[in-house]
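Numbering of the sequence shown is given in the numbering used here, commencing with residue 85 and proceeding in unit increments.
Because the hints were derived from the structure by calculation, they are not lab data. Think of the CB as a built atom: it goes at the ideal place given N, C-alpha and C, for glycine as much as any other residue. Treat the hints with caution; some may be incorrect.
As the list claims (entries may be wrong) - Now the in silico label distances, taken between C-beta atoms and shown as ranges:
| no. | residue 1 | residue 2 | range |
| --- | --- | --- | --- |
| 1 | ARG278 | PRO197 | 14 to 24 angstroms |
| 2 | ARG250 | LEU164 | 37 to 47 angstroms |
| 3 | ALA295 | ALA268 | 37 to 47 angstroms |
| 4 | THR170 | GLU283 | 30 to 40 angstroms |
| 5 | ALA141 | GLY178 | 35 to 45 angstroms |
| 6 | ARG241 | SER144 | 36 to 46 angstroms |
| 7 | ARG278 | ALA162 | 24 to 34 angstroms |
| 8 | ARG181 | ARG250 | 21 to 31 angstroms |
| 9 | THR170 | GLN86 | 26 to 36 angstroms |
| 10 | ASP159 | ALA268 | 32 to 42 angstroms |
| 11 | ASP159 | ARG256 | 20 to 30 angstroms |
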Amino acid sequence: MQITHLGHSCLLVEMAGSRVLIDPGAFSEDFTGLRDLDAVIVTHQHPDHLDADRVPALLSGNPDARVLTDPGSVDVLAGLGVEAQTHDGVTEVGGVRVTPVGRTHALIHDDVPRIPNVGVRLDADGEPSLYHPGDALDADPGEVDVLAFPLMAPWARSRDMTGFLRRLGAPRAVPIHDALLKEAGRNLYLGQARDLGSERTEIVDLAGRGAVTFE
């Protein structure tokens with residue numbers, strides 16, 4: 085499995101001969117030039133996970149890509165001329181099994197209505213498994229080999245982030261949801277993840293590294 089961090093919560097995952105893009109949002113790098121995608125997954129409708137300005141161009145260049153999403157994003161995508169499929173159990177994307185995990189976005193504030201959020205677990209025979217939670221830390225994907233974890237968010241405290249790492253205890257974890265952090269703050273949160281997260285977990289920072297292979 086190869087994972088490329090395209091900024092914030094956007095990951096390009098290549099496994100079992102398939103190319104899956106997760107959360108192409110407004111805070112991410114330019115992803116419109118990606119080609120040969122088999123699926124585009126949107127965990128929820130917030131702009132930093134679903135860029136309404138760029139996603140149509142992305143999909144026009146990948147007409148055969150399946151679009152899998154949470155219930156709340158279907159109408160948003162339809163308004164952009166994009167036909168999306170709500171997760172209904174496990175979806176096969178080539179040799180990759182996409183399993184929906186969770187239902188609701190983390191609480192931002194009592195005055196902000198909560199929306200659907202569906203994270204995804206990716207599995208393929210002979211490859212490591214990956215869990216991308218979107219914007220929630222309460223769902224249970226089961227044991228996974230690689231965990232994508234939100235490094236910093238308006239809806240989470242740093243102790244929520246480290247508690248998430250401890251609870252799941254994955255062998256490796258990659259930081260996402262980091263676009264609001266300058267370098268000093270990002271290094272501080274990474275240090276907390278390494279020092280206060282799970283002793284069983286290696287933090288693998290993918291920022292700026294291109295495609296990184298996970299065995």
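Checked hints:
About 35 angstroms separates the C-beta atoms of ARG278 and PRO197, a value inconsistent with the hinted range of 14 to 24 angstroms. Against the hinted window of 37 to 47 angstroms, the Cβ-Cβ separation of ARG250 and LEU164 comes to about 39 angstroms, which satisfies the hint. About 27 angstroms separates the C-beta atoms of ALA295 and ALA268, a value inconsistent with the hinted range of 37 to 47 angstroms. A C-beta distance of roughly 38 angstroms is found between THR170 and GLU283, which places it inside the suggested range of 30 to 40 angstroms.
A beta carbon spacing of about 23 angstroms between ALA141 and GLY178 contradicts the range 35 to 45 angstroms that was offered as a hint. Separation of ARG241 from SER144 is about 40 angstroms and conforms to the stated range, judged on CB atoms against 36 to 46 angstroms. Between ARG278 and ALA162 the Cβ separation comes to about 42 angstroms, which falls outside the hinted range of 24 to 34 angstroms. Remark: the range hint 21 to 31 angstroms for ARG181 to ARG250 is upheld by a beta-carbon distance near 27 angstroms.
Evaluation of the 26 to 36 angstroms hint for THR170 and GLN86 yields a pass: the beta carbon distance comes to about 28 angstroms. Distance hint check: the CB atoms of ASP159 and ALA268 are about 40 angstroms apart, consistent with the given range 32 to 42 angstroms. For the pair ASP159 and ARG256, the beta carbons lie near 36 angstroms from each other, so the given range of 20 to 30 angstroms is not met.
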